[in-house]
Amino acid sequence: MTGPAEEKPDGGPAPENGPTSGRPGPGPTAEGDADGSRPPAVEQPLPGLGWLRQTGALFALAVAVLRAVFKRPFQFREFVEQFWFIASVTILPAALVSIPFGAVIALQVGSLASQISAQSFTGGASVLVNIQQASPLIVALLIAGAAGSAICADLGSRTIREELDAMEVMGVSPIQRLVVPRVLATICVAVLLNGMVSVVGTLGGYFFNVVMQDGTPGAYIASFSALAQLPDLYISEIKAALFGFIAGVVAAYRGLNPRGGPKGVGDAVNQSVVITFLLLFFVNLVLTGIYLQLVPPKGA
Amino acid sequence: MGIEVSVEGLTKSFGSKNIWQDVSLTLPTGEVSVMLGPSGTGKTVFLKSMIGLIKPESGRVLVDGVDMVNSPERDVYEARKLFGLMFQDGALFGSMNLFDNIAFPLREHTRKKESEIRRVVMERLEMVGLVGDEGKLPGEISGGMRKRAGLARALVLDPQIVLCDEPDSGLDPVRTSFLSQLLIDLNAQIDATMLIVTHNLDIAATVPDNMGMLFRRNLVTFGPREVLLTSEEPVVAQFLSGSKKGPIGMSEEKDAAALAAERGRADDPGIERNLLVPQLEPSPGLPERSAVRRRRHRVEGMLDSLTPAARSAIRSSLAARSETATVAAQAASSPPVNAGRADDPAPTEQAGSDG
Ligand SMILES: Nc1ncnc2c1ncn2[C@@H]1O[C@H](COP(=O)(O)OP(=O)(O)OP(=O)(O)O)[C@@H](O)[C@H]1O
Ligand SMILES: [Mg+2]
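Protein chains in written order, with this note's numbering: chain A, 1 to 300; chain B, 1 to 355.
Simulated from the structure, these hints should not be mistaken for laboratory data.
Errors might be hidden in some of the hints.
Okay, derived cross-link-like pairs now, DSS-like style, lysine-lysine, Cα gap no bigger than 27 Å in a straight line [claimed, not checked]: (1) A:263 with B:55; (2) B:112 with A:71; (3) B:112 with B:81; (4) B:17 with B:244; (5) B:55 with A:71; (6) B:113 with B:136; (7) A:263 with B:17; (8) B:113 with A:71; (9) B:81 with A:71.
I would like the entire structure built from these sequences, with the hints used as guidance.
Written out as structure tokens, the structure is:
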């Protein structure tokens, strides 16, 4: 596994490497040179190659992180510090977002249910939406936006100050020392945050349904226990853990490979948030599909 | 005891831009070498390649049986513990104070007690003149102080190979002289193999055993210091005199038109200076550098392949050295009269030496 630091010079899509630059000889035939041992000086700029390379490097980093998790010594202090930091920047916004989110879902589901005269199922339906979808997505939002951007900016500025190079030179792996504690901290915060958002969202939904829409507490809870089951909570937490891992790895990847100076770090943070969002929403789709296929709904 | 580093056919490009090609040299065990070169010729990239941070496309860097370019990452990590690298910008950890920065390698790689760590770190801080600043963050000290702290951190594990990227930039002439002495003293104490990248001609003239120069994507020469100092090569001569006349220009290299235009203009002789001064000796009280003896053998063996100028320069410096050695031996047997070093070779010319 080569460290990601070497990706810097040629990591990008590099569209400027035109087919004519570099070798004077005919480009396409250069591959069939007599001395096949010599690698061509300029790579053929296949469309999408840069993308493929980036994706590969991202997966390589993910694997390296997974392997380094089991390497001793575990950086416990760094982990606690990062956990504390990520928790402190995400808890309050998550709570504040989840109350209106739970309320919106409760109101929407409530009015829809009353249209089809199924008011008694409002509680169950809104809680399921809340736990399975809303809460992991709120977690994704905050983990990518608040935690991921902070991790990416931190690692990025350390990279351009050559701190990570210095660490490697001293025989200390930045992945084990810096990235692993951050990714683990992100996962833990995501799981806990997901629990909190589920509770707060459900309470918010209950409040709005019972107080604003004249629902009865009994019907709300009865429908909840009729429709919801424990695996709903499991998948929610699995999603959150996976989101935390992806957000941590993507942020670390972009942070370890900023292009150019401080401006590059800014771009990297921006990209890391966008990439994480895209990935998380896609992964959410896939996981939801798998879950609905595999786990039979309660009472079916 | 130092380790020989041998570089074979190293070539590095970034994209289609070639930085240098086919660089081969050997850093002899325990000797001090200097790499010169105009700004932007890839000296920093070369240092980073030697330690495996940057992977050249071809070639090998052999250290103690490990190829820093192609060996598995695990071996490279292990081999890096032999190195101390001082970065051009210090590369201190911004979130730690100087003490923690310098203690970092000790805490990572040794099982020393905190009191022991404190002792070693304070010793190193004193060596680079930063006692009293250990509680400051890297953002709160000057560039020159950062460099010295970076050097202290590079030296804290007593590395067997020391790489210094421009140790003098950001330092005043006096500190630079002290630093030169520090590097020589260090070499006498731990016999580490050292490579110093610099533009500073005073360091180049007084510190190294060997010198090389990178220019136009090639290693121009590498060999005993006298060879480079007596070289007739236009690039080397221009660099050593600091003249504007010659192949080195403001940008990477001059083109033919600029060279032709220059021929019509008046001469710029640069600064006349005698760089063939005696090498620095370790401070009194320190042991002899054991590299000196090894180098004498090595250099005497290669005399026949050198130019006459280099040969006579080497002969005279070897002779001068054996003279001082006998004088020193006599002085050691009789009590010293004047404790100060009489032979401080204060460079005659200081201005215009930094690039
Ligand atoms: N990561 C990189 N990606 C692309 N090009 C690079 C990279 N690092 C260095 N270069 C290029 O390599 C060349 C040599 O850079 P290097 O920093 O080694 O110069 P230098 O000899 O140390 O100069 P100076 O004496 O000013 O420190 C420069 O032209 C630089 O643009
Ligand atoms: Mg440099």
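- Query: So which of those numbered hints doesn't the model satisfy?
  - Reply: none
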